[in-house]
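Model the placement of chain B on the given structure of chain A, informed by the hints.
For the record, the sequence lines run as chains A and B.
Quick note on the numbering used here: the first sequence kicks off at 1 and runs consecutively.
Quick note on the numbering used here: the second sequence kicks off at 1 and runs consecutively.
Watch out, some of these pointers could steer you wrong.
The calculated DSSO-like cross-link candidates involving lysine-lysine, where the alpha carbons are at most 27 Å apart (straight line), are [unchecked claim]:
no., chain 1, residue 1, chain 2, residue 2
1, B, K348, B, K320
2, B, K258, A, K55
3, A, K55, B, K242
4, B, K126, B, K162
5, B, K177, B, K194
6, B, K316, A, K55
7, B, K230, B, K348
8, A, K55, B, K320
9, B, K327, B, K268
10, B, K37, B, K268
11, A, K55, B, K315
12, B, K37, B, K149
13, B, K327, A, K55
14, B, K330, B, K242
15, B, K177, B, K258
16, B, K96, B, K33
17, B, K258, B, K155
In short, the hints are calculated from the structure, not lab data.
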Amino acid sequence: MIIEAFFSGLTQVLSWPAFGYLLIGAAVGFIVGLLPGLGGLSTLALMLPFVYTIKDPISAFSFLLGMHAITGTTGDITSILFGIPGEGTAAATIMDGYPMTKKGEAGRALGAALMSSLVAGIEGAIILAISIPIMRPLVLFFASPELFMLAILGITFIASLSGENLYKGLLAAGIGLMLATIGVDPQTGVLRYTMGLLYLWDGLSLIPVVIGLFAIPEIVDLAVRGTSIVEEKIEKLEGVMEGVKDTFRHFWLTMRCGLIGVFIGALPGLGGAVSQWLAYGHAVQSSKDPSRFGKGAVEGVLGPGAANNSKEGGNLIPTVGFGIPGSASMAILLGAFLLVGLNPGPEMLDQHLDITFAMVWILVIANIITAGVSFLFLNQLAKITFIRGGLLIPFLLMFVFLGSFTAHNNLTDIVVALIFGVLGYFMVLFEWPRPPFVLGLVLGGIAENNLWISTAAYGASWLLQPSIIVIFLIILTTLGYSIFKKRRGKEKSLGPEEA
Amino acid sequence: MKKIALIKAITLSLLFFFIWGGSIASKVWAQSKPFYKGKTIRIIVGFTPGGFYDRWSRHMARFMGKYIPGKPNFVVQNMPGAGSRIAANYLYGVAKPDGLTFGTINKNLYFDQVIGNEQVRYDWPKYSWIGSPERPPDVFYMRADAPYKNMDDIKNAATPPKCGSTGRANSGYVIPKILEKTMGIKFKVVLGYKGGRQIDLAVERGEVICRVMTITPHLGREPFLTWHKKKFDRHLLQSGRKPFPGAPEIPSIFDLAKKYKVSDENMKFISLVTAANEFGRPYVGPPGIPQDRADILSKAFMSVLKDPKANAVAKKLRMKADPVGVKKLKTMAREVVNSPPAVAERFKKLIGG
Numbered sequence: 001m002i003i004e005a006f007f008s009g010l011t012q013v014l015s016w017p018a019f020g021y022l023l024i025g026a027a028v029g030f031i032v033g034l035l036p037g038l039g040g041l042s043t044l045a046l047m048l049p050f051v052y053t054i055k056d057p058i059s060a061f062s063f064l065l066g067m068h069a070i071t072g073t074t075g076d077i078t079s080i081l082f083g084i085p086g087e088g089t090a091a092a093t094i095m096d097g098y099p100m101t102k103k104g105e106a107g108r109a110l111g112a113a114l115m116s117s118l119v120a121g122i123e124g125a126i127i128l129a130i131s132i133p134i135m136r137p138l139v140l141f142f143a144s145p146e147l148f149m150l151a152i153l154g155i156t157f158i159a160s161l162s163g164e165n166l167y168k169g170l171l172a173a174g175i176g177l178m179l180a181t182i183g184v185d186p187q188t189g190v191l192r193y194t195m196g197l198l199y200l201w202d203g204l205s206l207i208p209v210v211i212g213l214f215a216i217p218e219i220v221d222l223a224v225r226g227t228s229i230v231e232e233k234i235e236k237l238e239g240v241m242e243g244v245k246d247t248f249r250h251f252w253l254t255m256r257c258g259l260i261g262v263f264i265g266a267l268p269g270l271g272g273a274v275s276q277w278l279a280y281g282h283a284v285q286s287s288k289d290p291s292r293f294g295k296g297a298v299e300g301v302l303g304p305g306a307a308n309n310s311k312e313g314g315n316l317i318p319t320v321g322f323g324i325p326g327s328a329s330m331a332i333l334l335g336a337f338l339l340v341g342l343n344p345g346p347e348m349l350d351q352h353l354d355i356t357f358a359m360v361w362i363l364v365i366a367n368i369i370t371a372g373v374s375f376l377f378l379n380q381l382a383k384i385t386f387i388r389g390g391l392l393i394p395f396l397l398m399f400v401f402l403g404s405f406t407a408h409n410n411l412t413d414i415v416v417a418l419i420f421g422v423l424g425y426f427m428v429l430f431e432w433p434r435p436p437f438v439l440g441l442v443l444g445g446i447a448e449n450n451l452w453i454s455t456a457a458y459g460a461s462w463l464l465q466p467s468i469i470v471i472f473l474i475i476l477t478t479l480g481y482s483i484f485k486k487r488r489g490k491e492k493s494l495g496p497e498e499a
Numbered sequence: 001m002k003k004i005a006l007i008k009a010i011t012l013s014l015l016f017f018f019i020w021g022g023s024i025a026s027k028v029w030a031q032s033k034p035f036y037k038g039k040t041i042r043i044i045v046g047f048t049p050g051g052f053y054d055r056w057s058r059h060m061a062r063f064m065g066k067y068i069p070g071k072p073n074f075v076v077q078n079m080p081g082a083g084s085r086i087a088a089n090y091l092y093g094v095a096k097p098d099g100l101t102f103g104t105i106n107k108n109l110y111f112d113q114v115i116g117n118e119q120v121r122y123d124w125p126k127y128s129w130i131g132s133p134e135r136p137p138d139v140f141y142m143r144a145d146a147p148y149k150n151m152d153d154i155k156n157a158a159t160p161p162k163c164g165s166t167g168r169a170n171s172g173y174v175i176p177k178i179l180e181k182t183m184g185i186k187f188k189v190v191l192g193y194k195g196g197r198q199i200d201l202a203v204e205r206g207e208v209i210c211r212v213m214t215i216t217p218h219l220g221r222e223p224f225l226t227w228h229k230k231k232f233d234r235h236l237l238q239s240g241r242k243p244f245p246g247a248p249e250i251p252s253i254f255d256l257a258k259k260y261k262v263s264d265e266n267m268k269f270i271s272l273v274t275a276a277n278e279f280g281r282p283y284v285g286p287p288g289i290p291q292d293r294a295d296i297l298s299k300a301f302m303s304v305l306k307d308p309k310a311n312a313v314a315k316k317l318r319m320k321a322d323p324v325g326v327k328k329l330k331t332m333a334r335e336v337v338n339s340p341p342a343v344a345e346r347f348k349k350l351i352g353g
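Just chain A, same shape as in the assembly (with noise of 0.2 Å):
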């Protein structure tokens, strides 16, 4: 019956008119992805009324699933191009790919991006449809005192995602721990570190502060340098099909990052970006040589690019084994199914089985579209990088201001951004890296609420819970790996010299 329904999801995704809408999905996708100030979630909102003119399911999810699909994808090549996140979840593509671009690297990191995406994206539909039988206890198994340990151990690839200066790097973290306290105390209700802002009663928006970080110190960068983007002249640009073989070079990075995209996005609560940064994270540590990170490493955008597309097939997983969403815009997803007649939850995996199939199905097809089209023109495409700064720039501060904008539609969020943009501009200044603030910033909300409610929950007996001490254990390997890593690649630097 399962392969029955395998099939029939393929075939009544290809058939008319659901393909038809899954192009036009694709299409808006495509330009909502690559424009920082569209975002993905409200974009869904704003389409999701052409659903109640579709009657059939397939043909609904062929568009609203297809357009969601594409965006992160799309995302990532603003982020390599100009150093500007077009999505939220997009921002770690930024460390390695923009790096990449100045060097001349564009095309490269864009195929790199593209094909780890692709390769990602059915690999998050494949892992959708093998854990349909085991969804529910794998979603289950991760309660808060896994999920608090789970952030912690996002917490020590802040080692190594320092680079050099392990202190420095320990303190940016310490500070994207400390921002991350700002907000209304849930335990509480006592406002922290809000001066007096309504703003920040929810904390700090991770989009324009990692646009403010990232973004404005490279377009400052940019004017100071007075040149194009790519800093050297290069006799040709490095293509897309070098970055598509990356891709299978470090085959196994990208599916190892692909699986952390899925299983971050099968938890919900845990956000997008996490699974970015995470996979990020694990690139830079299971490099041999970490120090090229940050410098334009291919790895560092395959991880990324890798995690980004695959956290939507577990993002699907509570959606549609649980009726709980796996993130906000599957929240609006939700309202799809209620639209075309169906009741996200244990009939997804029963007598509609085959949708479920089909959204599987969905999610790979719109992927290969969207790879095969965008392979057309990213050589093209890369060649933005050569135009003279100067006349980049305006159009640069605009998707700044906007992309930020979308945070809350509210003007604060612009000056958010400026703040961090300022505070970005001299941690490059000054050699801090920025990649231990944002992990900070993200996983510390993760940390403090999971703390307490685990301990609420169950008092102290939490700590001796066997998978809390197998993750516990991990933590541990992976220092202590880490530590190993460095003292061992000391050696080896201080090798020459002393003979």
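Frame of chain A, contents of chain B only:
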């Protein structure tokens, strides 16, 4: 000469006639042209897309136009933040009272005014009230395998049950706490969950065993439909004054209060908290919208809720119209902010504001 003077006089009088006549005509034309013709009305939503506040707003944006003379366009603008307080302040003090902007904010924002929160810049009764599409009460649900079958069991239990909530200014915390303060039924409320759905998952895991939430989604969507089929949870209480039509067997908090013979002051305390349900999902505009325009908006709002076609779409989206009119909303708004100081003081202590 005389001829020229005559021509001049005729020309001047003609000119005067056209200018004067023209201005009169344009005035008459303007009066006959509806104000809303060619205009765009903004509906501000104090929350992100995805929830019921957003869903109702987009529903209104779709259907309200045809009930307004001039058939204006509608746009929905999400302005999330601080539990919709940013939108509430915006609607009260920044948006122009020209009848082209109104929006929806959290039903319990009057709590802030009662406890004297300095960061709110609104006076709850002074908003231009437009209406409310529904007024579902809250339901108190608990896992069926828990050793508490009803509120009496919880009152007599040695260890209180653990319920989940996102924060303190939320019915998930406030309702258990008023049960504790007024009737001595104790709970341990675990705070800090990111959203309601996370609490539902925590209940499935057994991390907590109870939660207070709006009754309509609880009776109408997953995971609850499966829960109810499997008899996974029990409904111990609902916060409305009357039995809820979809589940009349659930006891009301007011019946329970009568059973435990709570004092008058405690009764006022309970009323103050549960009044939030009566506001439903309030739609308000800036104070001072010209009365004729406010009337047009609220009339159109109510018409959508009676429109069979609109209601059919609403039903698909699991929304059921149970409107509250402007008059009732205004009366309630005045009542809640004029609570006796002693009640307000207790309330302030309760939510730690």
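Agreement of K327/B and K55/A with the hint, judged by alpha carbon distance not exceeding 27 Å: violated (39 Å)
Given pair status - K55/A, K258/B, alpha carbons within 27 Å: violated (50 Å)
27 Å Cα cutoff - pair K96/B, K33/B: The given pair, whose Cα atoms are some 21 Å apart, holds under the 27 Å limit.
Proposed proximity, K55/A with K316/B (alpha carbon, max 27 Å): holds (12 Å)
Straight-line alpha-carbon gap K230/B to K348/B, limit 27 Å: violated (40 Å)
27 Å Cα cutoff - pair K177/B, K194/B: Between K177/B and K194/B the Cα gap is close to 20 Å, so the pair holds against 27 Å.
Agreement of K37/B and K268/B with the hint, judged by alpha carbon distance not exceeding 27 Å: violated (46 Å)
Straight-line alpha-carbon gap K55/A to K320/B, limit 27 Å: Distance ~21 Å between K55/A and K320/B Cα, so the pair holds.
Agreement of K126/B and K162/B with the hint, judged by alpha carbon distance not exceeding 27 Å: Violated: K126/B and K162/B sit about 39 Å apart, past 27 Å.
Distance restraint between K330/B and K242/B, which requires alpha-carbon spacing of 27 Å or less: holds (21 Å)
Given pair status - K268/B, K327/B, alpha carbons within 27 Å: holds (22 Å)
Straight-line alpha-carbon gap K177/B to K258/B, limit 27 Å: holds (18 Å)
Hints 1, 2, 3, 4, 7, 10, 12, 13 from the earlier list are contradicted by this structure; the remaining hints agree with it.
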